[in-house]
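**Student:** When you get a sec, could you build the whole thing from the sequences and use the hints?
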Amino acid sequence: MALAAIYSLFIINKSGGLIYYKDYGSAGRMDTNDSLRLASLWHSMHAISQQLSPIPGCTGIDLLQAHNFDLHCFQSLTGTKIFVVCETGAQNMETLLKVIYELYTDFVLKNPFYEIEMPIRCELFDLNLTQVIQKDRVALLGR
Amino acid sequence: MQFFGGSSLTSVAPEASPAPAAPPGTGTGANAQVLYVFNRNGVCLLYREWHRPLRTLDPTQDHKLMFGLLFSLRSFTAKIDPITAEKGNLGVPLLPGQGCSFYSFKTNTYKLNFMESPSGIKLILITHPRTGDQRDSLKHIYNLYVEYVVKNPLYTSGTPIK
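Residue numbers (UniProt numbering), protein chains in the order written: chain P, 1 to 143; chain D, 1 to 162.
By construction, these hints were calculated from the structure, which means they are not laboratory data.
Every residue, glycine too, gets a C-beta built ideally from N, C-alpha and C.
Be aware that a few hints might be false.
Lysine-lysine pairs mimicking DSS-like chemistry, simulated, CA-CA at most 30 Å apart [unchecked claim]:
id : chain 1 : residue 1 : chain 2 : residue 2
1  : P       : Lys14     : D       : Lys87
2  : P       : Lys135    : P       : Lys98
3  : D       : Lys106    : P       : Lys98
4  : P       : Lys14     : D       : Lys64
5  : P       : Lys135    : D       : Lys64
Not the full set, but computed from the structure, chain D residues with beta-carbon under 7 Å of chain P [said to hold, decoys possible]:
id : residue
6  : Asn31
7  : Val34
8  : Phe67
9  : Leu70
10 : Phe71
11 : Ser72
12 : Phe76
13 : Thr77
14 : Asp81
15 : Leu95
16 : Gly99
17 : Ser104
18 : Thr109
19 : Tyr110
20 : Ser157
**Tutor:** Okay, here's the thing in structure tokens:
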């Protein structure tokens with residue numbers, strides 16, 4: 001854990017339910033209820049931000065910058081949202097989110113035993129996700 | 001000396017208090033679209049818009065929704081903060097400056113810049129999505145608020161700035 005570029009990853013279904021959560025070493029305790037609540041809170045704030053837009057055609061928050069972290073969010077056309085909490089100023093997070101979405105379509109949606117909108121329990125998805133995040137960490141270390 | 005300069009300016013033109021409030025828009029360039037100032041009770045002290053083609057709600061509803069969004073985002077960032085080990089429960093109201101706060105968020109159509117003062121004054125500046133860091137200009141706007149609104153003897157706190 002020399003360079004923790006990513007602190008946590010959330011995947012939310014189109015109705016705001018948390019279907020996947022993984023922690024990569026953030027401080028403090030976060031139980032299951034907290035992560036579920038955070039996910040649905042993000043879902044509603046994403047929707048409110050669209051209503052407050054001064055210009056038509058808003059699709060919701062892409063990037064939230066806080067003093068201790070950045071949050072990058074990707075929304076697919078079907079309404080599934082993927083967001084990562086990462087270090088401030090971390091680069092290439094849009095690409096990483098697209099790669100994670102690709103893994104989701106390949107290993108979750110194409111899994112015949114997966115019920116749509118339900119929590120993700122797919123071994124292959126877990127395996128490939130770990131690899132991608134490791135690779136990203138290595139790539140960040142090389143720069 | 002600077003202190004005297006500031007106070008003499010307000011005493012020379014107490015009626016012209018809207019005039020100092022106008023420069024924030026011009027000072028931040030043509031990029032500023034909307035500016036909100038809230039106090040800690042959620043009263044909208046100032047609302048200015050320079051470029052707003054879309055209006056989905058009436059003004060009071062819009063201000064309430066904006067304040068609600070900021071309130072929830074504050075508790076969200078304080079809870080999700082991966083650096084601080086000791087975090088309170090989600091949904092418990094936070095004091096100004098307590099917990100990890102955010103300073104901006106970006107969507108495809110706008111960028112919202114946010115600043116909260118220790119007294120709970122919230123400044124929100126909405127700009128074009130590709131503008132850079134606006135923390136300094138928000139600080140500048142806050143200084144203008146302190147100089148020309150708080151130091152104005154005719155202003156009662158908690159009322160809209162006129």
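**Student:** Is the shortest C-beta separation between D/Asp81 and chain P less than 7 Å?
**Tutor:** holds, 5 Å
**Student:** Hey, does the D/Asn31 contact hint survive, CB to chain P under 7 Å?
**Tutor:** violated, 12 Å
**Student:** Would you check whether D/Leu95 satisfies its interface hint, that is, whether its CB is within less than 7 Å of any CB in chain P?
**Tutor:** Because about 16 Å separates D/Leu95 from the closest Cβ in chain P, which is outside the 7 Å limit, the hint is violated.
**Student:** Is P/Lys14 within 30 Å of D/Lys64, Cα to Cα?
**Tutor:** holds, 26 Å
**Student:** Can the restraint linking P/Lys135 and P/Lys98 be considered satisfied, given a maximum Cα separation of 30 Å?
**Tutor:** Holds, at roughly 15 Å.
**Student:** Does D/Gly99 pass the interface hint, meaning its C-beta sits closer than 7 Å to a C-beta of chain P?
**Tutor:** violated, 10 Å
**Student:** Is the hint on D/Leu70 kept, meaning its closest Cβ partner in chain P is under 7 Å away?
**Tutor:** violated, 10 Å
**Student:** Under 7 Å is the threshold here; is the Cβ of D/Phe67 close enough to any Cβ of chain P for the hint to stand?
**Tutor:** violated, 11 Å
**Student:** Under 7 Å is the threshold here; is the Cβ of D/Ser157 close enough to any Cβ of chain P for the hint to stand?
**Tutor:** violated, 26 Å
**Student:** Taking 30 Å as the top limit, are the C-alpha atoms of D/Lys106 and P/Lys98 close enough?
**Tutor:** Holds, at about 18 Å.
**Student:** A closest beta-carbon separation below 7 Å is what the hint needs, so does D/Ser104 meet it against chain P?
**Tutor:** Holds, because the Cβ-Cβ distance from D/Ser104 to chain P comes to roughly 5 Å (cut-off 7 Å).
**Student:** Hint check: P/Lys135 vs D/Lys64, CA-CA at most 30 Å. Holds or violated?
**Tutor:** violated, 44 Å
Violated hints, listed in ascending order, are 5, 6, 8, 9, 10, 15, 16 and 20; each of the other numbered hints is respected by the structure.
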